[in-house]
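Those sequence lines, one after another, are chains H and W.
To convert, note that position 56 of the first sequence is 45 in my numbering; the numbers rise steadily by one, no gaps.
To convert, note that position 21 of the second sequence is 996 in my numbering; the numbers rise steadily by one, no gaps.
Calculated from the structure, these hints are not laboratory results.
Small disclaimer: the values here were computed from a predicted structure and weren't measured.
Ideal Cβ placement from N, Cα and C applies to all residues, glycine included.
Heads up, a few of these hints could be off.
[Claimed, not checked] Some chain W residues close to chain H (C-beta under 10 angstroms, calculated; not the full set):
#1 998
#2 1024
#3 1025
#4 1037
#5 1040
#6 1042
#7 1057
[Claimed, not checked] Footprint (simulated), chain W over chain H, 3 or more residues, beta carbon under 8 angstroms:
#8 25 to 31
#9 211 to 225
[To be verified] Label-pair distances were calculated between CB atoms; the ranges are:
#10 H:228 with W:977: 53 to 61 angstroms
#11 H:320 with W:1056: 28 to 36 angstroms
#12 H:244 with W:1074: 18 to 26 angstroms
#13 W:1063 with H:239: 26 to 34 angstroms
#14 H:244 with W:1065: 44 to 52 angstroms
#15 H:320 with W:1040: 53 to 61 angstroms
#16 W:1035 with H:327: 50 to 58 angstroms
#17 H:235 with W:1063: 48 to 56 angstroms
#18 W:1039 with H:260: 40 to 48 angstroms
#19 H:320 with W:1053: 43 to 51 angstroms
#20 H:264 with W:1008: 43 to 51 angstroms
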Amino acid sequence: MTRYRWLLRAYPRAYRSARGEELVGVLLDAAPAGRPIRVAANLVRHGLRARLGRPASRSVVTWAALTAVICGLFSAAAATRLAWETARPMPDRAETVALLAEVAPEHSFTDIQVAPALFTFYSQKVTRGDLPMILFPDGGEYEQGAGTANAYGAPPMPVTEAVTRAEERLRDSGWRVYPRLADGYESCTGKYCTDMVTITTVSVEARRGDTILGVTTTDPLIEPGWPYLTVTLRRATPPAALPAGVAGGLLGAALAWLLFGWASRRSEGRDGPTICLGVTLLLWWGPTALALPAMVSHHRGEPHPSWHPFWEWLAQPALSFLAVAGALSALLGLGLAMRRPGDTLRYASPGRALRG
Amino acid sequence: MREPTFLILTALADGPRHGYGILQEVETVSKGQVRLLPGTLYTALDRLAAEGLVAHERDERVDGRLRRYYRLTPDGLAALDAEAARLHQLATAARARLRAYRPATG
Chain H
-10 MTRYRWLLRA
0 YPRAYRSARG
10 EELVGVLLDA
20 APAGRPIRVA
30 ANLVRHGLRA
40 RLGRPASRSV
50 VTWAALTAVI
60 CGLFSAAAAT
70 RLAWETARPM
80 PDRAETVALL
90 AEVAPEHSFT
100 DIQVAPALFT
110 FYSQKVTRGD
120 LPMILFPDGG
130 EYEQGAGTAN
140 AYGAPPMPVT
150 EAVTRAEERL
160 RDSGWRVYPR
170 LADGYESCTG
180 KYCTDMVTIT
190 TVSVEARRGD
200 TILGVTTTDP
210 LIEPGWPYLT
220 VTLRRATPPA
230 ALPAGVAGGL
240 LGAALAWLLF
250 GWASRRSEGR
260 DGPTICLGVT
270 LLLWWGPTAL
280 ALPAMVSHHR
290 GEPHPSWHPF
300 WEWLAQPALS
310 FLAVAGALSA
320 LLGLGLAMRR
330 PGDTLRYASP
340 GRALRG
Chain W
976 MREPTFLILT
986 ALADGPRHGY
996 GILQEVETVS
1006 KGQVRLLPGT
1016 LYTALDRLAA
1026 EGLVAHERDE
1036 RVDGRLRRYY
1046 RLTPDGLAAL
1056 DAEAARLHQL
1066 ATAARARLRA
1076 YRPATG
């Protein structure tokens, strides 16, 4: 009996008060031999359904699932950001210089910029004062920090040879080298921009441990201030990010299901909370539904030594103003749901006639 | 109408039953093909009550255990009757085609 009473905790408290004894009686009468796991799973599943209220509704489960999934995704993103705090700091100047000597000793790097943090806003360390701008409208400028080193002037060798030598040195030094990417675009030259030229950039990335190194060449150089070779350094996603994301996602989804159920039971028959929920899901799912497949396509289209941070897969914080607006709508809906306390269960139990 | 719902309404058609009695009757009516679990039963009862097809009848206490009886409402009886007629019509059509296809075994 204790086991059944423990499993009945999947049901909301009011339901347990009204039906618990009856349910336990049926469970004891019907106790099937050798199927305790199936019975337990059945109780938990239907208890979670009972938490949503609205027993006659077939769509409430869908709405609850959409809410739980999107909240789980956002929770996972927040958890992975916390996990990033376990990553090593960005390479300092000494480490950067050592890596440049290891990878491209023939080149003279006169412009070395060390990234101020793992994540930057407009390439600067993030401060509290940046938060309003990150929320709107410059969320897209919050990105992974990257140290850079540029080589200017006449290259000591053809740029394609520079990339090939860099790849060889990287492999010899224990880096995993990913396939090259070549890109080209048209630009004009001359005093009156009359001559067209195709500018080619060749990039190669490599990873060793938690460090990702990129080498990019540009040819031809049509502006004197352009570097012919750029080396970038950034940190890979720390191992803690995956378990943190999974745990955070599951916890967020579970809490969202419980909160949705609480609001659903309290607000049956009222439009206000339902409208707020619809607005929230639109503002949260809209950007996510566009960003997720785009990110999948992007990752499949070019090699990635480390995936983009998970929140970027949800278009955050680039579209964080929509997420904030959705959160405000959700809070309004929860507030409206709170306005009418009391038992709104519509179950056929004694003393509680069906409410119309 | 889903099969478990139809079977629950069928189990109540000849009089009020308590939860365990409904489970037993469903298994009997389906000749052992369908064995409802308690969680499934009570979700269905809640839905049927919300739709006005079943209602609470009375409580009894037997050997210290609470037995809560449910009954079909007039709307529940009508819904069961309509669904039974629909399934009968479909089964009759299927049988007729089977006899036409395999007259020796019809």
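Hint check:
Nearest Cβ of chain H to the Cβ of residue 998 (chain W): about 6 angstroms, under the 10 angstroms cut. The hint holds. Checking residue 1024 (chain W) against chain H by beta carbon gives a least distance of about 3 angstroms; that is within 10 angstroms, so the hint holds. Against a cut-off of 10 angstroms between C-beta atoms, the interface hint on residue 1025 (chain W) holds, since the closest Cβ of chain H lies about 4 angstroms away. Among the interface hints, the one on residue 1037 (chain W) holds; its C-beta lies about 9 angstroms from the nearest C-beta in chain H, closer than the 10 angstroms criterion.
Of the supplied interface hints, the one on residue 1040 (chain W) holds, with its beta-carbon coming within about 4 angstroms of a beta-carbon of chain H, less than 10 angstroms. Interface restraint check: residue 1042 (chain W) against chain H, minimum CB-CB distance 7 angstroms, threshold 10 angstroms, status holds. With a least beta-carbon distance of about 18 angstroms to chain H, the hint placing residue 1057 (chain W) at the interface is violated under the 10 angstroms criterion. Requiring three or more residues with a Cβ within less than 8 angstroms of a Cβ of chain W, the coverage given for the stretch 25 to 31 of chain H holds, as 3 such residues are present.
Only residues whose C-beta sits within less than 8 angstroms of a C-beta in chain W count toward coverage, and the stretch 211 to 225 of chain H has 0 of them, not enough to reach three; the restraint is violated. Checked against the given bound of 53 to 61 angstroms, the beta carbons of residue 228 (chain H) and residue 977 (chain W), roughly 46 angstroms apart, lie outside it. Range check, residue 320 (chain H) to residue 1056 (chain W): Cβ separation about 48 angstroms, and the 28 to 36 angstroms hint is violated. For the pair residue 244 (chain H) and residue 1074 (chain W), the beta carbons lie near 58 angstroms from each other, so the given range of 18 to 26 angstroms is not met.
For residue 1063 (chain W) and residue 239 (chain H), the hinted distance range of 26 to 34 angstroms is not satisfied, since their beta carbons lie about 47 angstroms from each other. Between residue 244 (chain H) and residue 1065 (chain W) the beta carbon distance is about 45 angstroms. The supplied range of 44 to 52 angstroms therefore holds. Residue 320 (chain H) and residue 1040 (chain W) have their C-beta atoms about 45 angstroms apart, which leaves the hinted 53 to 61 angstroms range violated. For residue 1035 (chain W) and residue 327 (chain H), the Cβ-Cβ distance of about 39 angstroms falls outside the hinted range of 50 to 58 angstroms, so the restraint is violated.
The hinted range of 48 to 56 angstroms is satisfied by residue 235 (chain H) and residue 1063 (chain W), whose Cβ atoms lie roughly 51 angstroms apart. At about 46 angstroms, the CB distance of residue 1039 (chain W) to residue 260 (chain H) agrees with the hint of 40 to 48 angstroms. For residue 320 (chain H) paired with residue 1053 (chain W), a C-beta distance near 45 angstroms keeps the hint of 43 to 51 angstroms intact. Distance hint check: the CB atoms of residue 264 (chain H) and residue 1008 (chain W) are about 44 angstroms apart, consistent with the given range 43 to 51 angstroms.
The structure shown violates the earlier hints numbered 7, 9, 10, 11, 12, 13, 15 and 16.
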